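Residue numbers (this note's numbering), protein chains in the order written: chain A, 831 to 1146; chain B, 381 to 664.
Be a bit skeptical, because a hint or two may be false.
Residues of chain A clear of chain B, computed beta-carbon distances all greater than 10 Å [what the hints assert, rightly or not]:
| # | residue |
| --- | --- |
| 1 | 860 |
| 2 | 872 |
| 3 | 958 |
| 4 | 959 |
| 5 | 968 |
| 6 | 976 |
| 7 | 990 |
| 8 | 1006 |
| 9 | 1039 |
| 10 | 1050 |
| 11 | 1052 |
| 12 | 1095 |
| 13 | 1130 |
Below, computed lysine to any residue pairings styled on SDA-like, alpha-carbon distance capped at 20 Å [stated by the list, open to error]:
| # | chain 1 | residue 1 | chain 2 | residue 2 |
| --- | --- | --- | --- | --- |
| 14 | B | 439 | B | 414 |
| 15 | B | 439 | A | 1056 |
| 16 | B | 436 | A | 863 |
| 17 | B | 436 | A | 884 |
Cβ pair distances, simulated, as ranges [what the hints assert, rightly or not]:
| # | chain 1 | residue 1 | chain 2 | residue 2 | range |
| --- | --- | --- | --- | --- | --- |
| 18 | B | 607 | A | 932 | 14 to 22 Å |
| 19 | B | 506 | A | 921 | 28 to 36 Å |
| 20 | A | 992 | B | 408 | 29 to 37 Å |
| 21 | A | 865 | B | 650 | 36 to 44 Å |
| 22 | B | 505 | A | 931 | 21 to 29 Å |
| 23 | A | 865 | B | 478 | 49 to 57 Å |
| 24 | B | 429 | A | 1108 | 57 to 65 Å |
| 25 | B | 418 | A | 992 | 54 to 62 Å |
| 26 | A | 934 | B | 506 | 26 to 34 Å |
| 27 | A | 975 | B | 506 | 17 to 25 Å |
| 28 | A | 975 | B | 647 | 48 to 56 Å |
| 29 | B | 505 | A | 932 | 52 to 60 Å |
Hints listed in this document are in silico derivations from the structure and should not be mistaken for laboratory results.
Treat the numbers as computed from the prediction; the structure is a model and nothing was measured.
Each residue gets a CB set at the ideal place from its N, CA and C atoms; glycine is no exception.
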Amino acid sequence: MKKIVFIISLAIVAISCGEKKEKKATTETAVLEGTIKVDGSSTVFPITEAVAEEFRTAQPNVKVTIGVSGTGGGFKKFSRGETNLSNASRPIKDKEKAACAENNINYLELEVAYDGLAVLINPENDWVDNFTVEELKKIWEPAAQGVIMKWNQIRPEWPNEEIHLFGPGVASGTYDYFTEAIVGKSGSSRGDFTASEDDHVLVQGIAGDKYSLGFFGLAYYAENKDKLTLIGVNNGEEVVKPTLETVSNGTYRPLSRPLFIYVNSTSVKSAEVVEFVNFYIDNAAELAEDVGYIPLPSELYTKQKENFKAFVESNK
Amino acid sequence: MNSIQKNRLKDQLFKIWGIACTLFGLVLLTVFIGDILIDGIRRIDWAFITDLPSRKAEKSGIYTALMGSIWILILTTIISFPIGVAAGVYLEEYSKKNRLSALLEINISNLAGVPSIIYGLLGLEVFVRIMSLGASVLAGALTLSLLILPIIIVATREAIKAVPKSIRDASYALGASKWQTIWNQVLPASGGGILTGVILALSRAVGETAPLIVVGALAYVPFAPSNPMDEFSVLPIQIFNWISRPQHGFIENAAAAIIILLLITFVMNGIAVYFRNKWQKKWK
């Protein structure tokens, strides 16, 4: 007994001796202190994490913590005043607005980046060149279940072979967003497709099956360009493939969406939150690209900054 | 073929089947560990242990998650060990064999089978909200303590049951009270078994993700907890977070973090085996 206690306490001492390194602040701005709590979407998480990481160098005494309760879970905490910022992969819903109003939480919505959804096929597939939104709807809508099973049902000249569908799990924001954009109703699609919460599984599935078709976040395609073929989507005027440019300028639609952070009015009374949000907007373009997302056009960042400035002024 | 030969053949076949069953799990485990080692071993160095999470896979480390896991482990031990052992001693030594105790027993066995996320919801409501501990290390440790208490209680009872009656009788014959008998004879005699159970339960706790996510453990914390009320992250959450990232470097990070987590559980199991053997020798 005593020995175990001794061994355990020895281990604690040994580990806690390895103090974490802290970089010295070299900025000319005032040294701030405090804690900033962020929670919400796991899609937005990598951007906020990157910003928090860089912010550590600028303001080492401000502690930024980030949770991943999902957009809805994040708004729940945000509306109770438990967090300063909320990450969101969709705009706030009316119900969530009401919850905020109930607790006298005023907030500001800021766009920080875009996320594109990629439609993908196997590289050996030589018949598909593009899809129209209607064709994607025909494939994915709930009525297609058990009916649209072969490639030649979509376009007669395509092969008489079974089509194998891959997509993110129904609990993911990506699935919600795809079904909303394509089928027209969030969360409504056929059920007979291979679903996985792990996008790496989808990559493997599509890469190993000539007759496959699937969709997921653009960042995953960027990492697997050699294994998959990206397909352009016809938005009614032209066929557009998702790239940095087409997502950023809005021509790749409807499969691109903005990502948001929300900040509340009580929080912007503290200097460290104001500093963090400004830092966020200033660096979002570069950092979003670093983690696989697409920056907004620079004039939009300027606009976010102006909005935020006005919000801070009005809540002083 | 006469019936003796037939029976021998059956015996042989069953033996082969038994070996296959034994190897099944082990082979899969070996394949898994081999795969993880190939992916992750090169990534492990001192910087990986002491660095904070980063957007760049190669600069990322597990410092805060590891410290969070260690905090959770220690607090969970402090909370669950005395409660679990005391409950086990009560049920085995003091409680009368009546309907109430039968009901208690059934419920404790059932609790051991409740999915861990349910404990997370319980912890969120009771510790985080009602007791307003917030998403702190303490709330996480209390939740995990609830989760492993049934295992500790069952292990304690089994260990106490294994203590020979002659030792108790000898103690009573020398005039010892019930408490003296339990404290001086029964507990030391069953210590190996109890510790084994506790350590195995704790190595389950250190791998839990779901209840802690529900309680509100974070995915990114730039500091290690310095007191029980601090916010925290743990290794399984860090691993989960890295696995869901598209960049290949994070997959390597996840594999490396899995190796560290496996090491922790192997070491804990090793300690459990050591104590079991030590105590067994002493009492035979």
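Hints and how they fare:
The beta carbon of residue 860/A sits about 20 Å from the closest Cβ of chain B, which is more than 10 Å, so the claim that it is off the interface holds. Not every CB of chain B lies more than 10 Å from the CB of residue 872/A, the least distance being 7 Å, so the non-interface label is violated. Look at residue 958/A: its CB is around 23 Å from the nearest CB on chain B, clear of 10 Å, so calling it non-interface holds up. No beta-carbon of chain B is positioned within 10 Å of the beta-carbon of residue 959/A; the least distance is around 26 Å.
A cut-off of 10 Å between C-beta atoms confirms that residue 968/A is not in contact with chain B; the least separation is 29 Å. Chain B leaves residue 976/A outside its interface by the beta-carbon criterion, the shortest separation being 31 Å against a cut-off of 10 Å. At the 10 Å boundary, the C-beta of residue 990/A stays outside the reach of chain B, the nearest C-beta of that chain being 35 Å off. The beta carbon of residue 1006/A is kept farther than 10 Å from every beta carbon of chain B, the shortest such distance being approximately 16 Å.
Annotated as non-interface, residue 1039/A keeps its C-beta farther than 10 Å from every C-beta of chain B; the closest such distance is 20 Å. For residue 1050/A, the non-interface assignment is contradicted: its Cβ lies about 4 Å from the closest Cβ of chain B, within the 10 Å cut-off. Look at residue 1052/A: its CB is around 7 Å from the nearest CB on chain B, not clear of 10 Å, so calling it non-interface is violated. Remark: the non-interface label on residue 1095/A is consistent with the geometry, its nearest Cβ contact in chain B lying 22 Å away (cut-off 10 Å).
Residue 1130/A, annotated as away from the interface, keeps every beta carbon of chain B farther than 10 Å; the closest lies near 22 Å. For the proposed pair residue 439/B and residue 414/B, the alpha carbon gap of about 24 Å is over 20 Å, so the pair is violated. Between residue 439/B and residue 1056/A, the direct Cα distance comes to roughly 26 Å. Violation of the 20 Å bound is thereby established for this hinted pair. Under the criterion of a C-alpha separation no larger than 20 Å, the hint pairing residue 436/B with residue 863/A is inconsistent with the structure, at around 26 Å.
Between residue 436/B and residue 884/A the alpha-carbon distance is near 11 Å, which keeps this suggested pair within the 20 Å criterion. Checked against the hint of 14 to 22 Å, the pair residue 607/B and residue 932/A fails, with Cβ atoms roughly 33 Å apart. Checked against the hint of 28 to 36 Å, the pair residue 506/B and residue 921/A passes, with Cβ atoms roughly 34 Å apart. Taking the beta carbon of each, residue 992/A and residue 408/B are about 31 Å apart, inside 29 to 37 Å as hinted.
Residue 865/A and residue 650/B have their C-beta atoms about 39 Å apart, which keeps the hinted 36 to 44 Å range intact. Checked against the given bound of 21 to 29 Å, the beta carbons of residue 505/B and residue 931/A, roughly 25 Å apart, stay inside it. As the Cβ distance of residue 865/A to residue 478/B is approximately 53 Å, the hint placing it in 49 to 57 Å holds. A hinted range of 57 to 65 Å is violated for the C-beta pair residue 429/B and residue 1108/A, which are about 34 Å apart.
Distance hint check: the CB atoms of residue 418/B and residue 992/A are about 35 Å apart, inconsistent with the given range 54 to 62 Å. A hinted range of 26 to 34 Å holds for the C-beta pair residue 934/A and residue 506/B, which are about 27 Å apart. For residue 975/A paired with residue 506/B, a C-beta distance near 42 Å fails the hint of 17 to 25 Å. In this structure the hint that residue 975/A and residue 647/B lie 48 to 56 Å apart at CB holds, the actual value being about 50 Å.
Against the hinted window of 52 to 60 Å, the Cβ-Cβ separation of residue 505/B and residue 932/A comes to about 20 Å, which falls outside the hint.
Violation of the numbered hints given earlier is confined to hints 2, 10, 11, 14, 15, 16, 18, 24, 25, 27 and 29; the remaining hints are satisfied by the structure.
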